[in-house]
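Enquirer: Here the structure of chain X is known, so what remains is to put chain W in place on it, guided by the hints.
Residue numbers (the working numbering), protein chains in the order written: chain X, 4 to 148; chain W, 181 to 597.
If you are wondering where the hints come from, they were derived from the structure by calculation, not from laboratory data.
Hints are supplied without guarantee of correctness; some may be wrong.
Stretch by stretch, here's where chain W covers chain X in the computed footprint (C-beta under 8 Å, at least three residues) [said to hold, decoys possible]:
1. 9-21
2. 61-72
In silico negatives: residues of chain X with every beta carbon more than 10 Å from chain W [said to hold, decoys possible]:
3. LYS26
4. VAL35
5. GLN78
6. GLY82
7. GLU87
8. GLU89
9. HIS139
Bear in mind the structure is a predicted one, so any value in this text is a computation, not a measurement.
Just so you know, even glycine gets a beta-carbon here, dropped at the ideal spot from N, CA and C.
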Amino acid sequence: MDLTELYQSVILENNRRPRNFRKLPAANRVAVGNNPVCGDEITVYVQMDGDRIADIGFQGAGCAISQASASVMTQRLKGRTLAEAEALFGRFKEIVTQGTPDEADLDLSAFAGVHQFPARIKCATLGWHAAINALHGEAVTATTE
Amino acid sequence: MNPPAASAPDWAALRADFPILDQTVHGHPLVYLDNAATTQKPRSVIDALVRYYERDNANVHRAIHELSYRATTAYEAARARAARFVNAASPEEIIFTRGATEGINLVAYAFTSRLRPGDAILVTEMEHHSNLVPWQLLARRTGARLLFVPVTGDDGLLDLGDLDSLLARNVKLFAFPHVSNSLGTINPAAELCARARRQGVITLVDAAQSAGHLPMDVQALGCDFLAFSGHKMAGPTGIGVLYGRRALLEEMDPFQGGGEMIATVHYEESTWNKVPHKFEAGTPDIAGAVGLHAAMDYLDAIGRPAIAAHDGGLARDAYSRLAAVPGIRLFGPPGERGGLVSFGLAGAHAHDVVTFADQEGIALRGGHHCTQPLWRKLGITATTRASFYLYNTPAEVDRLVEVIRTAAEFFGGQGST
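So here's chain X without its partners, still in its complex pose:
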């Protein structure tokens, strides 16, 4: 397959200039995700306002897929509740495992090519796992294993 199917411009661009790549001083939820296979580690910071995500940021080092996915995720999760975040993660997982793009969600759909690279699905979901753990108030290390 053509590598540009995996590395869509949305992914390359978010990898080069990740959004919300910062520690939140006012974060009240934090979780770390790590992938023991490659040593990638992402810390997700969430500032909850009631049951909504007022602000979200991340830091860490990893491959283009994991960095871009976390970057896109932070843009999509701001202002959402835990239930909405989990529903969105469910849709994202479907996209990266089934390769079925969601016409209504072009940014998440940019990751559809990942399904042809099974070894890389964990990269795409790393930041999401950490974010969901943070939202559950589990300030623990999420792992892809």
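Expert: Frame of chain X, contents of chain W only:
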């Protein structure tokens, strides 16, 4: 198999001995450059495994019938061959294990009764996790502490300036890699063993990355233990060798208990079999030993000095040509090195580089290569590694350099969009 050619092996022709190399991956001829993880197997090794299972398979040492006799003879012949392969004083100094990792764990376990609080175990900052974690566990069991020989920096050399004073700090055992799996550094093993011996320190050489590449002589090295894996030297997975100096093996406690390792067994206690059987509980990987025997024959028909010159030469060539790629950071010594090269690329994570190369049919490895503390020290989480063996060619180095250059542009370079 091709006939041995002591002076100048026909490297291109040797490729035909490896059936797996004759295939395309993602539409491109396979370029297999992940040999430090595991090497491919020649037809002679595959045939030896098939022949063993089709004609000779039986359990060893415990029966009188013909097949058992054949299996036992083949297994013990492999032991004698391994002794010759590393120039051990006798076959009794060869213990078959699952691989280098199990060999190191065997020694670490057996040393539980020999260490006390205040004692130290010396390793290096470039250890593979398999030559670090077993010693951490031993330290935890005994109250001993770990000391480290520092690595100088990106050039990946051991800083040996303080070695003698380190060894003097109540060190009982010094374990180090012969060739670093993530830097390619060839450590001066004979010198390290000599300096340890002068202070009465026992040595263990992790030869996982050297046994199938460099000439190996445990008596010339002067080591007490040396561990390696069959699958990294053209042999099957699941079989490895631990060499141990006989006097030490005689003193040491057994590793695992079970059949074969005992002399007599009572309900309350048992006595141990002679070395090396004392350390080989249960039915061993007989077919693996037979396959490893064939692999050692294959390598020595080519000649290990020739193999070392060939794959070390490819690695040096790759190192100097990759140095011209914009944004690259190369690790390990620029000059003499083992058959691998490891690097980071600005703006491109190792896993992206490996995926990129894989689409061109080039098998690389990206990640921490099981040396996480080393990369933490050098300030990088993951590198891309290309590792060579006897069947790799200069044309494959061309393809490697080309794909890395393209990946650098694709992920971060000026020309990308």
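Enquirer: Hint by hint, say whether it matches the structure.
Expert: Going through the hints against the structure:
1. 9-21: holds (count 6)
2. 61-72: As far as the segment 61-72 of chain X goes, the hint holds, because 6 residues have Cβ atoms under 8 Å from chain W.
3. LYS26: Correct as stated: the minimum Cβ-Cβ distance to chain W is 18 Å, above 10 Å.
4. VAL35: About 14 Å separates VAL35/X from the closest Cβ of chain W, which puts it past 10 Å; holds.
5. GLN78: 21 Å, holds
6. GLY82: Nearest chain W Cβ is 30 Å from GLY82/X, so the label holds.
7. GLU87: Label holds. Min Cβ-Cβ 30 Å, cutoff 10 Å.
8. GLU89: It holds; GLU89/X is separated from chain W by about 27 Å at its closest Cβ, greater than 10 Å.
9. HIS139: At roughly 27 Å from the nearest Cβ of chain W, HIS139/X sits farther out than 10 Å, so the non-interface label holds.
Hint compliance for this structure: no hint is broken.
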